[in-house]
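Peer 1: Residues per chain, in single letters:
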Amino acid sequence: MQLYLPIADIPVNIFLILAMGAAVGFVSGMFGIGGGFLMTPLLIFVGIAPAVAVATVASHIAASSFSGAISYWRRRAIDPALALVLLSGGIVGTTLGVWTFTQLRALGQLDLLIALSYVVLLSTVGGLMLWEGMRAILRVRRGVVVPLRRSGSHGWIHGLPLKMRFKRSKIYLSVVPVVLVGLIIGFVGAVMGIGGGFILIPIMIYLLRVPTSTVIGTSMVLTLVTMVFATLLHAVTNHLVDAVLALILMVGGVTGAQFGARAGQKIRGEHLRLLLGMLILAVGLRFAIELVIRPDDLFTIRETGGAG
Amino acid sequence: MTARSLLATVGLALSAAFAIPPAHAERLIVSVSNHRVTVTPNYSGEELVLFGSVEKDAATPATRTNYDLVVTVSGPRADMVTRRKERKFGIWVNTDYRQFLDVPTYLALFANRPFDAIASPDVERRQQLGLKNVLLTQRVGTDYADVVPNDPFRSAFVRLRSEHGLYREATSAVTFLTPTLFRTGIPLPAEVPIGTYDVEIKLFSDGALVTRTETAFEIVKVGFEQFVATSARQNGFVYGLVTVFMALMTGWMASIVFRKD
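As they're listed, the protein sequences go chains A and B. With the first letter of the first sequence counted as 1, position 77 gets the number 803 in the working numbering; the numbers rise by one all the way through. With the first letter of the second sequence counted as 1, position 34 gets the number 1277 in the working numbering; the numbers rise by one all the way through.
Bound-form chain B, shown alone (with noise of 0.2 Å):
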């Protein structure tokens, strides 16, 4: 590779740099308080806490203070079908379904304030902010899009996983310490699903997105439990030949602890 080439690639890559945060200078960084939940026996939920600041530097404009904070962690991805039940022949039936396709299995998004005041609805839409903005993939028909936000399955779907507290949505979680330090909690459910989840947060300013970043964490099951699901999944047999031996031994010590005769 050339002199010439080599500086032109790396102006190509500058000049790309720069085209994604205008001409803004802010800077987030943050920092999650545990990289790698471990789910254990005793696992019932846990709560991390990110944090983190909003740097600036000589090309920011030094009147501005008035920052929104949008947070949204996004669990493994799976695919989900949510059934709908109706009246057949006197009892409810599971009759229409929709298939949501490659959707988050965990989905939290918090702000400092109401979506509709950090940015214009336009703005929203296009940043997926607040649940009813995020993209939820289903399959309809042959087609793949999302639908409205008030789609009688999209909604159940939301709600659903929402009781579970699996979706969430908090526009006060997030709290500026100072001006440019804030933090905001992330809880994770005991139901909470395995895998890695990214975390994505987005610095508004008047209404308009200034600058953004991600981070991530991973849960994963350890030791024994680990070892059991891994195990029946991988080797359904052995694992479905210990279990059969597991329950002929605990009959057969019942029967010699409690025998009679």
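For reference, chain A alone in the conformation it holds in the complex (with noise of 0.2 Å):
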């Protein structure tokens, strides 16, 4: 069944939006992840421009992430203040991001870089994950146990001014890093059309040792509010968030997301680690090779205007 975009202004068949969003839903269900970093590229194979995609999927994200938060909020999984922490650099970095993506669509370089952004920051995240859950695997091969690293190993963050006690995460931390890590999350998730999450939740629990406990939960608000901003932004600056796109895409994202959750408690923590990394990486050496090979078309057309 064909329905027709009012602000992509293409027609799509809805089934396979559907379909693209379950999909997608599954597998942020499955990590814990918002999902964006696949949503954004697949719509633009099928053809919706980058620009409308990058802001569409900002809504769709708002979706997936508030549905994870109630359930970590009745878990008490929250924390409050480290969200509030994170916020506050999160909205900074979102209105920035936006800004900046209006300035590069005007130079014609956003799709540049988009596509340069999901290189190197997919290929990075992915290939450190993938390397993480290998060791990780092999570590439980040989049966040998890593006590996981808790307070105590203070790092160089530990020393930095500002130091403010987190109640639910048991910890207490200067806010320059935790206001730092949201500012730029909250520029690439704009920026990118992603969550954020897949970066943010290694983040979290590698350098600023958030306990497990809380660091999904805390980082759903995040992206929720930086989601919710960067769609109200996209929607006054742009006018490219498509309300009905959005809506199929949920739909499909928030049902996906329960039978990918249920799929992912059956798989082994460092397995899915594994997976999740691969996945990453995979979307990043796919953009890296568009920019390497000589493209079909090297023209471009774009509209700027009209004028009468």
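What the hints contain is simulated information worked out from the structure, not anything from laboratory work. One should not assume that every hint holds.
Said to hold, decoys possible - With beta-carbon atoms standing in for the labels, derived distance ranges:
no., chain 1, residue 1, chain 2, residue 2, range
1, B, Thr1283, A, Pro928, 45 to 55 Å
2, B, Ala1388, A, Leu1011, 41 to 51 Å
3, A, Leu842, B, Thr1418, 47 to 57 Å
4, A, Met860, B, Asp1345, 53 to 63 Å
5, A, Val818, B, Asn1478, 17 to 27 Å
6, B, Asn1277, A, Leu906, 55 to 65 Å
7, B, Phe1488, A, Gln829, 22 to 32 Å
8, A, Gln829, B, Ala1388, 23 to 33 Å
9, A, Ala1008, B, Val1292, 45 to 55 Å
Keep in mind that this is a model prediction, so the values were computed, not measured. We treat Cβ as the ideally placed atom computed from N, Cα and C, and that holds for glycine.
Reassemble the complex: the two chains are provided individually, in unrelated frames, and hints are given to aid placement.
Peer 2: Listed below in structure tokens is the structure:
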């Protein structure tokens, strides 16, 4: 069944979009991430303009992270103080991101920036996760038990000023790196059309040493608020949010996520991380190949505004 | 206004009217099958039909029957940028670009036989017959001009628009049902731009323009599509709020429907 999208201005197959939403939702439920890094490229692949894809996916991620955040809230797995500090940076980052997005769109370099950031970010994060996952699996095979480094092991981050106690997470941490992390995630999310969960969660675990009990729930709150904010800003400045497309994606996404979450519980943690790492790396490599090989068509056209 | 000046005005108008189509007196009567195409949720392209006839009168040389017809359909105009990728530091980057000013977003040229058979190259150029002769104004530095048809940016522009079915040229699309009765289809792709479309019909005989006429149709979004598109443009903030609200509702509904405990 074909459906005409009012903002993207193209007809799409409604079942294809629903299936894409469900598939990405499944993956996001399984790994506890937003899935924007899969959704945006998929939309671009079916012919939706990158700018519309980025802006629309923001609202899709808002929906899935809200449903996730609610269930984490019920389980008291969200640290409100930590979420607030992250958000203070996140809001600023998102504003900067949408502004950059608008500027680059005018310069005609938006597609390049989106592609480049996908390559750099996804290859790095995917590669690291893959490496980590393989080491963890090998360790389990050999029967080596590595104690998780917890409080007591102080890195350079703990030497920073403006320390604050985050009760629910039971950590005592400077707000500087927390605000910075929020800022970076907000910026990257707005420009790339991703929630940033897959970067945020490792940073929070390895760098900020947030316990795993609160990490996913708290990161979801950050994702939720930055994506709500990004949707609003994209709607106001670029008029590119396609509500019809977003609704189909959301319905598919939240449904798929439920099944993904159930499937995820059946897989061992280190295998899950290995799989996610492979997935992220694959998307990154796909973008890299696209940049390096000669494109089929060297020319592109973009409308710059009506003249009458 | 005195009677004399009125007469003079009428006389001037009459002579002006006669000056455009020289001595011949053919007239074109045309109509489009639909003057208002509506884009609905299940819109996926459409084809309009233009039909018409050549009306002769006493002044027309009786022997003249070998008519040629060229139909030009041009959609709403817009500024567009064509960019070219080049290899820089091992990756393909947009570098050079040309701006096309006030060019039709949809352009279709139909004829009953190849343009070079209808008229001489000179007439083809003057009457803008064929995609290679249509005026596409570019900004060249501080100047505004069209360039040679084989300019790489111009040909890439025409090619890309053609790939989307937005620019087209068909020299066998116009069919004469009788020597004076003709029809042609106007295919509109799914990605058709919204707006007013001008249709210009030119009648040629023996390589010279005999007469021309114009008609128009419009493509409009209606109902929900229209509502969404205009509210996104005009009330971005409210539109954003509604989208966010919709997202939150969907998320909340999902958390209730799939609640495990």
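Peer 1: For every hint, state whether the structure bears it out.
Peer 2: Each hint tested on the structure:
no.	hint	in the structure
1	B/Thr1283 to A/Pro928: 45 to 55 Å	holds (47 Å)
2	B/Ala1388 to A/Leu1011: 41 to 51 Å	holds (45 Å)
3	A/Leu842 to B/Thr1418: 47 to 57 Å	holds (52 Å)
4	A/Met860 to B/Asp1345: 53 to 63 Å	holds (58 Å)
5	A/Val818 to B/Asn1478: 17 to 27 Å	holds (26 Å)
6	B/Asn1277 to A/Leu906: 55 to 65 Å	holds (59 Å)
7	B/Phe1488 to A/Gln829: 22 to 32 Å	holds (29 Å)
8	A/Gln829 to B/Ala1388: 23 to 33 Å	holds (30 Å)
9	A/Ala1008 to B/Val1292: 45 to 55 Å	holds (49 Å)
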